[in-house]
Amino acid sequence: MPLCVLRTNLRHSAFGEDFHRLFSKCVADALNKPHEKVTVVLENEANMSRGGSKESTVWLTIESVGVFSAEKNKQISQTLRAHLRNLILVPENRVVITLRDLPKDELV
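Counting the sequence shown from 1 gives a position; the numbering used here is that position plus 19.
Among the hints, a few may not be true.
As the list claims (entries may be wrong) - Heads up, simulated SDA-like pairs for lysine to any residue below, C-alpha to C-alpha not over 25 Å straight-line:
| # | residue 1 | residue 2 |
| --- | --- | --- |
| 1 | K73 | K44 |
| 2 | K123 | K73 |
| 3 | K73 | K91 |
| 4 | K123 | N105 |
| 5 | K91 | H102 |
| 6 | K93 | C45 |
| 7 | K73 | K52 |
| 8 | K56 | V24 |
| 9 | K52 | I116 |
| 10 | K91 | L29 |
Keep in mind that the hints were calculated from the coordinates and are not lab data.
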């Protein structure tokens with residue numbers, strides 16, 4: 020059950036009608052989890068910056084059970100950054116991703 024929170028300074032209009040469906044499918048594929056179990060929260064128009072710049076930026080946090088490892092995280096993050104670049108036109112170097120492996124007993 021991946022839990023995704025995407026925070027960005029982009030306006031709501033930057034996201035197409037299909038964003039949630041397309042992005043949750045990308046997350047499901049990248050994590051090898053069922054699409055119907057992916058939760059996505061979009062927090063747009065955040066007052067945020069990266070490196071002091073308020074250019075388009077994204078901070079994506081994903082929590083899930085039994086997925087993340089040092090070996091897998093690089094491929095997962097590359098996949099997600101490329102997908103976000105295509106969906107919302109944010110350069111990959113403006114996307115920060117935090118991945119957290121949840122213990123099974125913390126997801127109820």
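Here is what the structure says about each hint:
{"no.": "1", "hint": "K73 / K44", "result": "violated, 29 Å"}
{"no.": "2", "hint": "K123 / K73", "result": "violated, 37 Å"}
{"no.": "3", "hint": "K73 / K91", "result": "violated, 30 Å"}
{"no.": "4", "hint": "K123 / N105", "result": "violated, 33 Å"}
{"no.": "5", "hint": "K91 / H102", "result": "holds, 17 Å"}
{"no.": "6", "hint": "K93 / C45", "result": "holds, 15 Å"}
{"no.": "7", "hint": "K73 / K52", "result": "violated, 33 Å"}
{"no.": "8", "hint": "K56 / V24", "result": "holds, 14 Å"}
{"no.": "9", "hint": "K52 / I116", "result": "holds, 18 Å"}
{"no.": "10", "hint": "K91 / L29", "result": "violated, 28 Å"}
Checked against the numbered hints listed earlier, the structure breaks hints 1, 2, 3, 4, 7 and 10; every other hint is satisfied.
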